[in-house]
Amino acid sequence: MSLTWEAVIGLEVHCQLLVPQKLFCGCPTTFGGVPNARTCPVCLGLPGALPVLSREAVACALRVGAALECVTRATSIFARKHYFYPDLPKGYQITQYEAPLLEFGGLDIDTATGVRRIGIRRIHMEEDAGKSIHTDAGTLVDLNRAGVPLVEIVSDPDLRSADEAVAYLKALHEIVRFIGVCDGNMEEGSFRCDANVSIRPAGSPVLGTRTELKNLNTFKGVHRAIEYEIARHAHVLEEGGAVVQETRLWDDAAGRTRAMRGKEDAHDYRYFPEPDLPPLRVDADEIAAARASLPPLPAEIRRRYVEELGLTAYDAGVLTSEPALVRWYETALTHHRNAKGLCNWLTTELLGRVAVGELETCPVTPAGLAELVALIDDGTISGKIAKTVFDGMFESGESPGTLVETRGLRQVTDTAAIEAAVREVLEANPTQLAQFRAGKVTVRGFFVGQIMRRTGGTLNPARVNEVLDRLLAPTDNRPDES
Amino acid sequence: MAPPPLPFASLRTARAAIATGEASSAEVTQACLGRIAALDPDLGAFLTVDTEGAMSAAAAVDAARAAGKALGPLAGVPLALKDNLSTRGLRTTCGSRMLEAYVPGFDATVVSRLRRAGAVILGKVNLDEFAMGSSTENSAFHPTRNPWDPTRSPGGSSGGSAAAVAARLCFGSLGSDTGGSIRQPAAFCGVVGLKPTYGRVSRFGLVAFASSLDQVGPLSFDVRDAAVLFGAIAGHDPADATSALSDVPLDLGQLPEGGRLRGVRIGWPREYLPADGLEPAVAAAVRRALDTLGALGAEVVPVSLPHAEHAIATYYVIATAEASSNLARFDGVRFGHRAAEAATLDALYSRSRAEGFGLEVARRILLGTFALSAGYHDAFYAKANQVRALIRADFESAFGEVDILVTPTSPTTAFALGERTSDPVRMYLADVFTTACNLAGLPGLSLPCGFDDAGLPIGLQMMARPFAEAELLRVAAAFEDAAGVVGRRPPAAAEARP
Ligand SMILES: [Zn+2]
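So the sequence lines, in the order shown, correspond to chains F and R. Using numbering that gives the first Met the number 0, count along the first sequence one by one with no gaps and you end on 481. Using numbering that gives the first Met the number 0, count along the second sequence one by one with no gaps and you end on 497.
Okay, chain F solo, but in the shape it has when bound (with noise of 0.2 Å):
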């Protein structure tokens, strides 16, 4: 028999913080440049150089606290972490262990039994390490990351499918590069994540084994390995076999994880609190101030997108996957309150031609867009020729007001002049004419678009439609009624 196994997941996720100082000295924090140019005693760990904590980062963190909902601590401890590696420059790494910045937070997220509350266990600030590049030649240390602060954000084990972490972790993804504390760039490292997995009968109070999974690179690569790993487990329990508890590597390209080392080669870190560090105390008013510095969140925007302007989920899905989408969009919306149309011409028309980084630089600004809805809105120009003037806006930068007057593209809504303009195209074409009155009907399509092509598509197209059909009804000689 099978029994039905559920899986118990927490991760794990180390976030660079978005801080132009490393954590403990004055060196800059920008990815890659020349190897170890970025350094000074202090992040090299020279015999008698001190750490100095950053407050920037210390705000910074305290931002995510913010925005994952945690408890902060008034006093902190920082602690020594110790193990030897080439590029840890110290032989330990300074980090918070007994007492973190943040606690006891919590995350939303959309399952497919509805929202779910994930618990954050601990957020703590700690140092990155150096960069180990091995070549053929030897190993080769870079310390231009040694030091780049960092927060570790700690779930609590609430996860119970692949499909789940993966939502919390692109939950986690999307607000930490919303409130623009990390850059979330996965390649580079500046958002990484370890998966603690163990499975246990369904309905069963106990935790089972559990092994930790390293080297998760893309969201698809989480989910592949923690499926694997409950599929692993369930096997080895299946056959009548203990899980060992131990660090296993996703193997990518294979396809599965590998044991990296066992609990009795678990390193034996040493920690103890930092004597050259005094504690950390932080006052209501820099929480405070961390609080009112938040952004919305994206999914209080949706649901506000949803339920105050009436767009479609999918649409404020859209709308909130970059923050300065967002901005753009919002700073439109002050310009002219049609939060549908605004949201239809950025998503498809300008989204189409620029990506969003570049929407800050584009020619099309939210003030321009807003002036073009409202222009279609108020019937100045047709739908139609809104893409003509959009396409002018585009190339040239200008206003859509002085396109649609320079270029004469204001809609023509006059009856007379659609009459006539009418009227001279079913004289034009006399064969079509006849056709028409025989029964087929589907040449009236033909006289539409030569109404439009003869007026360059400035004649308000539900007026045409009413003129053309009362010229064509079969009471011909009816006389005008405007």
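As a list, the in silico SDA-like pairs of lysine to any residue whose alpha-carbon atoms are at most 25 Å apart:
no., chain 1, residue 1, chain 2, residue 2
1, F, Lys-130, R, Arg-333
2, F, Lys-80, F, Pro-27
3, R, Lys-382, F, Tyr-268
4, F, Lys-80, R, Arg-350
5, F, Lys-130, R, Thr-343
6, F, Lys-130, R, Glu-340
7, F, Lys-383, F, Leu-358
8, F, Lys-80, R, Asp-345
9, F, Lys-80, R, Arg-333
10, R, Lys-382, F, Tyr-270
11, F, Lys-80, R, Arg-362
12, F, Lys-80, R, Thr-368
13, R, Lys-382, F, Leu-276
14, F, Lys-213, F, Ala-241
15, F, Lys-80, R, Ser-349
16, F, Lys-80, F, Val-18
17, F, Lys-80, R, Tyr-375
18, F, Lys-130, R, Asp-345
19, F, Lys-80, R, Asp-239
20, F, Lys-80, R, Leu-365
21, F, Lys-80, R, Ala-373
22, R, Lys-382, F, His-266
23, F, Lys-130, R, Ala-338
24, F, Lys-386, F, Thr-330
25, F, Lys-80, R, Asn-384
26, F, Lys-80, R, Ala-238
27, R, Lys-382, F, Asp-267
28, F, Lys-80, R, Leu-344
29, F, Lys-439, F, Leu-470
Note that these hints are calculated values from the structure, not bench results.
Mind docking chain R with the ligand on chain F? Use the hints.
Only chain R with the ligand this time, still in chain F's reference frame:
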């Protein structure tokens, strides 16, 4: 070669003479270098003599004076630095093979403060490797001899700093004190040594032994010179997060001559007088010192430090735990000794460290690693911190009753070289009166209070409340004026009397 005499009896008189032009810094520096050349081959105080750097610093001061520029408080005065203080461009060995060829690219904050005050840095002086020891015999290079008796140790770990001052090779020096490493050698060598309050002097650039205990401080001919040097190095440093913000009292050198001590309450801990292993001559000298302090008008009363007996054990757990961590960076990867042709990373680490560290350093790294290990952390490191809190509370309560605590600095006078090297626990007991001061973060000072039958100096320790260095120095100066012990010179420096 007969050594030239040292031209002035104190740092203050040398500074004044240079400032008035009565003497040039170049002459004074030359005299020190001459004495080093004549005496140090036997004494072994220096690891590196920077003749060129010293002479050019001296020339710069002389030129500034000639140009009528304002001179710093130490202008032109030659000093020596313990070789665990980073000096830009000047080898800093920590007395270790590990750093035999290490040349820092930056100055320790105390070094840059000395330079800014105009001091001339003669070179770097010997120490127990990484400041771990009480005899300077743990130096990887050579031991230092006691100027009072070359068969004896100058104490440690700042043995080079104390011996260089006692032998009048310089006008003062800096040492570091983690559990008595300034005060005990000062006592053994008959000079004054001050360990400031924890946080009073920047640790930036001091190669760390035990970060929560280490302090840099001066060694000098007399209390007033110590005050001048302390004033030059003390004060907040933004590069050291544990550096205190409190102000340093000005004019520490202006301590009144023949000061009285009416209204000062002085306590002597019952637990220390008598104590196991305390030599009768030391006990007698301390009792005489208490009488002298009483005669100056101080109220002298017994106090209790009930947890004092645990200070040594507590100290050796905390100090070794922190040392095991601080010395992890010496891995052969970026600087310091690297084992040749290590085939694997583990071999690189273990061989570089085995070759680079001496026996005592290895012993302390192992002890500290053990004290922090999973399963032992609570029994050792955590327990030691609980006891540390009790020791601190003992002092707080004692300082509720008295202003200054007086104890022997060391239970014995200078012991013979080689006498304790095979018995580390006996060596550790040399710190029995000094470690509590570091555990509690208090300022402590040692000054001469007498001599034993062999003519070896005896040190008196005084401790004060945190940041009360001014009061500590004032009481010490009054005692010094009254006791009349300071003028005596060791044989090696007897001819130096001006
Ligand atoms: Zn740096």
